[in-house]
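Colleague: Sequence:
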Amino acid sequence: MGFGLPAGIGAKYGAPGRTVCIFVGDGGLQMSIQELGTILEYNIDVKIILLNNNYLGMVRQWQELFFDERYSETHLKNPDFVKIAEAYGIRGRKVTDRKELDSAIEEMLSHEGAYLLEAVVETKGMVYPMVPAGGSVTDILIGNGHKL
9 MGFGLPAGIG AKYGAPGRTV CIFVGDGGLQ MSIQELGTIL EYNIDVKIIL LNNNYLGMVR
69 QWQELFFDER YSETHLKNPD FVKIAEAYGI RGRKVTDRKE LDSAIEEMLS HEGAYLLEAV
129 VETKGMVYPM VPAGGSVTDI LIGNGHKL
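Here my numbering is used: the first residue of the sequence shown is 9, the next is one more, and so on.
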């Protein structure tokens with residue numbers, strides 16, 4: 009967690025002529041949000057797609073699947089991410105209705121410069137594939153307890 013934003017910045021430096029889109033969760037972004045300052049300082053054109061479910065999503069998912077739904081310290085009260093992006097000179101937009109998503113993506117991709125698109129997603133959505141605790145790549149789960 010927290011790797012997406014700095015990795016995206018590095019990817020843009022590695023491929024400066026390409027469009028770089030970063031998919032990051034709200035918890036992960038909070039862990040490296042200071043890198044918005046790097047984007048400002050060096051005028052880095054990255055597109056940040058923030059999937060906001062107000063949770064440390066992967067931790068919550070592990071607690072649900074492997075710890076009998078004993079949730080602890082995974083709910084997040086988040087700041088206004090668009091305002092934070094704008095404070096760093098990054099254009100932003102928040103989408104709460106799926107019907108707005110196509111136009112928001114189009115706006116983001118046509119914008120010259122960095123952009124943060126915050127998409128509010130289902131709170132309890134699951135992310136697959138995943139490797140269970142203590143497992144290896146041969147134990148990958150693809151959903152509903154099914155292995156790859």
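Hints listed in this document are in silico derivations from the structure and should not be mistaken for laboratory results. Here the structure is a predicted model, which means the values were calculated and not measured. Cβ coordinates follow ideal geometry from the N, Cα and C atoms, glycine included. Just so you know, not all the hints are guaranteed correct.
List of simulated lysine-lysine pairs, PhoX-like, C-alpha gap at most 25 Å [what the hints assert, rightly or not]: (1) Lys-107 <-> Lys-155; (2) Lys-155 <-> Lys-91; (3) Lys-102 <-> Lys-132; (4) Lys-107 <-> Lys-91; (5) Lys-85 <-> Lys-102.
So the derived label-pair ranges between C-beta atoms look like this [unchecked claim]: (6) Ala-15 <-> Ile-150: 39 to 49 Å; (7) Glu-114 <-> Gly-143: 14 to 24 Å; (8) Glu-114 <-> Val-145: 21 to 31 Å; (9) His-119 <-> Ile-150: 18 to 28 Å; (10) Gln-42 <-> Lys-107: 12 to 22 Å; (11) Lys-132 <-> Leu-156: 18 to 28 Å; (12) Glu-94 <-> Val-145: 33 to 43 Å; (13) Gly-121 <-> Asp-76: 27 to 37 Å; (14) Ala-19 <-> Ile-150: 23 to 33 Å.
Colleague: Enumerate the violated hints, using their earlier numbering and listing them in ascending order.
Modeller: 1, 2, 6, 7, 8, 9, 10, 13
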